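Engineer: Single-letter residue listing:
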Amino acid sequence: MKGFGKYAIWAYSIMAFVFLLIPIAYTVAFSFNDSRRTNIIWNGFTLDNWFTVCEAQGVCEAFGNSLLIGLAATVLATTLGTMIAIALVRYRFKFRNATTLLIFLPMATPEVVLGAGLAAQFLQAGVPKGIGTVILAHTLFCLSFVVVTVRSRVVSLNPALEEAGRDLYASPVQVFWRITFPMLLPGIVAAALLSFALSFDDFIITNFNRGADVTFPSYIYTAAARGIPAEANVIASAVFFLAIALVLIAQISAGIRRRRLASV
Amino acid sequence: MAFTAFAGGASAPAVEPAARRRSPIALFLLLPGIFYLVLFFVTPLISLVITSLQEPDPLIFGQYVNAFNWQNYVSVMEQYWSHALRSAGYAALATLFALLIGFPLAYFIGITLRPYPLVQSLALVLVIAPFFISFLLRTLAWKQIFSVEGPVAGILSSLGALPPGATITGTTFSVIFGLTYNFIPFMVLPIYATLVSLDLRLLEASNDLYGSPATTFRTVTLPLSAAGVMSGTLLTFIPAAGDYINASREFLGATDTAMIGNVIEANFLVLQNFPAAAALSLILMAFILVLVAAYVKRSGTEDLL
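Sequence lines, in order, name chains R and W. Following our numbering, the numbering of the first sequence begins with 1 at its first residue and continues without gaps. Following our numbering, the numbering of the second sequence begins with 1001 at its first residue and continues without gaps.
Treat the hints as calculated values from the structure; they're not laboratory data. Note that the structure is a prediction, hence the values are computed from the model and not measured. Don't take every hint at face value.
Pair by pair, the computed Cβ-Cβ distance ranges are [claimed, not checked]: (1) Glu55/R to Ala1254/W: 32 to 38 Å; (2) Pro1151/W to Met183/R: 50 to 56 Å; (3) Asp34/R to Pro1151/W: 16 to 22 Å; (4) Ser1158/W to Gly211/R: 46 to 52 Å; (5) Ile1155/W to Val75/R: 21 to 27 Å; (6) Leu1122/W to Glu55/R: 35 to 41 Å; (7) Thr1172/W to Ala262/R: 48 to 54 Å; (8) Gln1079/W to Met183/R: 52 to 58 Å; (9) Asp167/R to Leu1122/W: 52 to 58 Å; (10) Pro1151/W to Ala245/R: 26 to 32 Å; (11) Ala1254/W to Gly58/R: 24 to 30 Å; (12) Glu1204/W to Ala164/R: 22 to 28 Å.
Computed far set for chain R versus chain W, every beta-carbon distance over 10 Å [as the list claims (entries may be wrong)]: (13) Phe32; (14) Glu61; (15) Pro110; (16) Ile131.
Among chain W residues calculated to face chain R with C-beta under 10 Å, some are [claimed, not checked]: (17) Leu1027; (18) Leu1031; (19) Gly1033; (20) Ile1050; (21) Thr1051; (22) Phe1068; (23) Trp1070; (24) Tyr1116; (25) Leu1136; (26) Leu1156; (27) Ser1157; (28) Arg1249; (29) Val1296.
Glycine included, each C-beta is placed from N, C-alpha and C at the ideal position.
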């Protein structure tokens, strides 16, 4: 593509990026708003909200619940998903197509169906809804994404390295922990981060299964009716900057590693 | 494979795979996760089927007993067919707009930016950046931008384009706008994943053979990115069809923009009419499964993950 087309696609894409980023900029900007009760109209710049985050009622408790749920679901989903991913790439087994479909379908199911299904099951089984049921639900929808992410890493793993380990009399356990696991680690970390992000931001499935417990998104949903306190914007912005920093560090270090490998 | 590219799927280069072995280890690795999926994905679907066929308890008000009351399906469709149609229509339009915005963006990142790898990876971070800030807050940000006091309404009404008393939020426009915005990354990432590995020499060859840019796009670029477009379409359509945030009154919608997700939520969590909510969920699920089946038929199960 040359001439006019080239400028057109640059202009169009920059406009699309601006469009994607407007609500983010808006959310971050309003974390600095000198708001009294509701945070709808700009009242002037202040840093106060950042220092008094927990003063808005319930916001830090909700944030804490979301962290707890995110961590628990991430550990469970990453463990179970990594195991499945290794089995899918490395082993032959019966019902392969059925297994693949079973892993794929939760990703293709609308959240409202997953949420209502789990809630119906907990209702029938008489399980009280709360943080525990939310963790179980989040583990479910993170699991498939972990399998996909780790699987792509297992596929790119050179089996000759593990063979070399076996040739040098390493036990299967040693081969796994000394060779396979370290090589899979970037994929596992990526999967864990994805799980945490999915869990932390989930509202729909959570809302069906949380009972009376409040997560950060469900806090925002309830507060939306009477106005979101600026403290919620502070927490969301802080999480955003932290996540972006992590992603950038990962990207840059991967870039450096690639360049170093290329120069050898 | 392109379906799940947004999870980082298609990035790593594949090496010659090791021959797959049979081993009891496979069972040890698979069983816990499979058991989890059966317990928390398959059984909930069965629970939904059972719930959807229940009828009200004749003795205790608000309780339901197991039955085979298939009329639930008929009555929810009679009552909510307009919500179901609206969901399909809104989701289809949002998917179309996401494609119109997302395809050029994916092309830009995957092909135009290819000579600049650092800029390319930064651009990719910008596409996923919305995922790192609360979905609900982003949607509320649009609500405030479009509100009566907001900048857009001010400009439009000073131009006379917005009649006095009219609002931008709570309309079909704002709901479709919100759906489009929220699911664009799901469209961009799979298309990007197919375009980033497209061999640029094919585009040069077409150019050398006097193919116009339009011909090259239609006969080379588009067919080679069709898998990504299909995945992106499904990935955008599915969450959009089931969404109830954008269409809810507290966000970008109004009572007359309610989608099937809003009805399921209201029946389950507010009205506690569990059979109706379950029947509607299963109707939505069946509709999505038809789409997925068409997709699987085209690309096979091995390429799903």
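Engineer: Is the hinted range of 50 to 56 Å satisfied by the C-beta distance from Pro1151/W to Met183/R?
Structural biologist: 51 Å, holds
Engineer: Using the Cβ atoms, figure out if Glu55/R sits within 32 to 38 Å of Ala1254/W.
Structural biologist: 33 Å, holds
Engineer: Does Tyr1116/W pass the interface hint, meaning its C-beta sits closer than 10 Å to a C-beta of chain R?
Structural biologist: Since the shortest Cβ distance to chain R is 12 Å, the answer is violated.
Engineer: Checking a non-interface call: every C-beta of chain W should be farther than 10 Å from the C-beta of Pro110/R. Is that right?
Structural biologist: 3 Å, violated
Engineer: Is it true that the C-beta distance of Ala1254/W to Gly58/R lies inside 24 to 30 Å, as the hint says?
Structural biologist: The hinted range 24 to 30 Å holds for Ala1254/W and Gly58/R, with Cβ atoms some 28 Å apart.
Engineer: Does Glu61/R really sit off the interface, with its C-beta more than 10 Å from all C-beta atoms of chain W?
Structural biologist: 16 Å, holds
Engineer: Determine whether the Cβ-Cβ distance between Asp167/R and Leu1122/W falls within the hinted range of 52 to 58 Å.
Structural biologist: 43 Å, violated
Engineer: Does the closest beta carbon of chain R sit nearer than 10 Å to the beta carbon of Leu1027/W?
Structural biologist: 7 Å, holds
Engineer: How about Leu1156/W: closest beta carbon in chain R under 10 Å, or not?
Structural biologist: At 17 Å from the nearest chain R Cβ, Leu1156/W fails the 10 Å test, so the hint is violated.
Engineer: Over 10 Å from every CB of chain W: does Ile131/R meet that, or does the non-interface label fail?
Structural biologist: 16 Å, holds
Engineer: Cβ-Cβ distance between Ser1158/W and Gly211/R: within 46 to 52 Å?
Structural biologist: For Ser1158/W and Gly211/R the Cβ distance comes to about 48 Å; the hint holds.
Engineer: State, for the Cβ atoms of Pro1151/W and Ala245/R, whether the hinted interval 26 to 32 Å holds or is violated.
Structural biologist: Holds, at about 30 Å.
The structure shown violates the earlier hints numbered 5, 9, 12, 15, 22, 23, 24, 26, 27.
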